[in-house]
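Spelled out, the chains give:
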Amino acid sequence: MAGINLIPKQPSDNKQVAQITKFLKIGSILTLILLAVVGGAVLSVSFYFSNQLQEEAGLQKSLKTEIENLESVETVMLLMKDRAQKAQTILQSRNTESKYLVFKNIVQDLSGDVALEEIKLDETQIAFEISASNSQELSKLLTDALSQVEDGQTLTLVEVDYSYFTDYSSNFVLQ
Amino acid sequence: MKQEIKKLSKIAGPLLVFLFVLISGLSGVVVLGKRTLAVRSDVQEIKKERMVLQERLDELRKFEPQMATISEQKIVLALPPSDPLLVSVSQIRRLAQQGNLFLSDLSVQDPVVETGEELKSITVNFGIQGNQEEMLQFFQNLLYSVPLMDFVTVSVERVNTNLEAQITTRVYWASYPTSLPPIADPIDPLTEAELEIIDRISGFAGLEFEVSSELVAQDPSNKQTSPFSSLLPQETLISEPESQQ
Chain A
31 MAGINLIPKQ PSDNKQVAQI TKFLKIGSIL TLILLAVVGG AVLSVSFYFS
81 NQLQEEAGLQ KSLKTEIENL ESVETVMLLM KDRAQKAQTI LQSRNTESKY
131 LVFKNIVQDL SGDVALEEIK LDETQIAFEI SASNSQELSK LLTDALSQVE
181 DGQTLTLVEV DYSYFTDYSS NFVLQ
Chain B
85 MKQEIKKLSK IAGPLLVFLF VLISGLSGVV VLGKRTLAVR SDVQEIKKER
135 MVLQERLDEL RKFEPQMATI SEQKIVLALP PSDPLLVSVS QIRRLAQQGN
185 LFLSDLSVQD PVVETGEELK SITVNFGIQG NQEEMLQFFQ NLLYSVPLMD
235 FVTVSVERVN TNLEAQITTR VYWASYPTSL PPIADPIDPL TEAELEIIDR
285 ISGFAGLEFE VSSELVAQDP SNKQTSPFSS LLPQETLISE PESQQ
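Residue numbers (the working numbering), protein chains in the order written: chain A, 31 to 205; chain B, 85 to 329.
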């Protein structure tokens with residue numbers, strides 16, 4: 031009887047191994063399927079984006095061609111813009127323009143008894159001398175002149191002289 | 085112990101297969117995912133570029149019919165691309181002649197002065213004599229004529245019934261731009277303010293020169309020179325003013 035093992039074998043160990051092996055096999059297959067699905071989906075998305083990229087590149091190329099064909103229009107447009115911007119800078123910096131226009135309005139309707147004797151214009155002011163044969167004309171001139179002055183400008187009556195020979199002489203500064 | 089090893093060897097095969105599937109699959113998905121994201125990012129980038137190009141094209145198409153209504157010659161003559169000495173002298177002579185004013189002592193001060201923002205100017209001195217009304221009108225005409233001028237100093241004195249004036253004017257000019265912006269950059273269309281300036285200047289007194297009716301850009305295929313180089317207005321002297329009295 032020696033050598034005979036009467037102790038029953040433990041079937042649970044083999045069963046456990048079989049279960050683990052089965053689990054791993056099923057797990058591998060499921061993982062493979064899952065990854066294939068995910069991979070397929072990612073590939074599809076990638077393919078979609080690649081197509082879109084090609085499509086966009088084509089559109090971009092055709093737009094570039096169209097823009098290149100309109101280069102002459104663009105050149106004129108940019109030139110106009112460049113000139114307009116620079117002209118605007120000049121016109122805005124022309125300090126003499128608005129002062130001159132006010133000055134011209136003041137003196138353009140002088141009556142025959144009033145004469146413009148002298149003008150000195152620079153970038154900061156216009157100084158001018160006016161002679162009048164009587165004080166009434168001078169007073170009228172002053173009233174008219176003050177009504178012409180614009181906001182931000184000042185008209186200063188610097189001096190009024192009277193002499194028998196030259197009548198009334200007045201000096202103004204418009205700043 | 086032997087049994088344990090036997091058990092493990094039974095599991096090892098499927099385990100390795102499982103791990104291999106998992107790792108290689110995940111790696112593949114990650115690589116593919118990264119690539120997809122990169123392509124998506126490229127698509128977004130190229131879409132942005134296309135939108136900029138589309139806007140640029142739209143602006144150009146919008147401007148194309150406007151070109152016919154814009155008086156481009158006047159704005160170009162208002163601020164010529166080269167020293168406007170001859171043009172300004174001619175303009176001064178013409179305006180003086182219009183007002184029956186006697187022009188004298190015409191001279192030009194060197195050098196050319198850079199007045200900021202790529203603007204350059206020359207200074208022209210001259211004297212005029214004539215009656216008050218005409219002289220005042222002459223000053224105004226000078227301010228509203230091309231090329232753009234500005235008074236530096238004006239000194240006027242009465243001599244008998246006439247006025248005598250010594251005038252120093254600044255005449256401006258500016259070089260043309262040298263290149264177009266890169267094609268992928270957005271383009272700034274003409275603003276209302278700029279159109280207003282162009283419109284305002286179109287009312288300024290022109291020259292006694294005849295200017296070609298169109299500014300034609302050069303052939304786009306010719307990249308050797310600036311695209312603006314051929315936009316110089318073609319000036320042709322059609323009438324020389326009569327000499328001053």
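Please keep in mind that the hints were generated in silico from the structure rather than gathered at the bench. Check before you lean on any hint, since a few could be wrong.
Between beta-carbon pairs, the in silico distance windows are [stated by the list, open to error]:
(1) B:Q128 to A:L121: 43 to 49 angstroms
(2) A:F195 to B:T237: 46 to 52 angstroms
(3) A:S80 to B:E148: 18 to 24 angstroms
(4) B:G211 to A:D139: 24 to 30 angstroms
(5) A:L62 to B:Q87: 29 to 35 angstroms
(6) B:E148 to A:V188: 55 to 61 angstroms
(7) B:T237 to A:E96: 34 to 40 angstroms
(8) A:S165 to B:A289: 23 to 29 angstroms
(9) A:S165 to B:V192: 42 to 48 angstroms
(10) A:E180 to B:E148: 38 to 44 angstroms
(11) B:Q138 to A:S80: 19 to 25 angstroms
(12) A:S163 to B:V192: 54 to 60 angstroms
Note that this is a predicted model, so its numbers are computed, not measured. Backbone N, C-alpha and C fix where the C-beta goes; we use that ideal spot for every residue, glycine too.
Hint check results:
no.	hint	in the structure
1	B:Q128 to A:L121: 43 to 49 angstroms	44 angstroms, holds
2	A:F195 to B:T237: 46 to 52 angstroms	30 angstroms, violated
3	A:S80 to B:E148: 18 to 24 angstroms	36 angstroms, violated
4	B:G211 to A:D139: 24 to 30 angstroms	27 angstroms, holds
5	A:L62 to B:Q87: 29 to 35 angstroms	31 angstroms, holds
6	B:E148 to A:V188: 55 to 61 angstroms	57 angstroms, holds
7	B:T237 to A:E96: 34 to 40 angstroms	53 angstroms, violated
8	A:S165 to B:A289: 23 to 29 angstroms	40 angstroms, violated
9	A:S165 to B:V192: 42 to 48 angstroms	46 angstroms, holds
10	A:E180 to B:E148: 38 to 44 angstroms	40 angstroms, holds
11	B:Q138 to A:S80: 19 to 25 angstroms	22 angstroms, holds
12	A:S163 to B:V192: 54 to 60 angstroms	42 angstroms, violated
Of the numbered hints stated above, those contradicted by the structure are hints 2, 3, 7, 8, 12, listed in ascending order.
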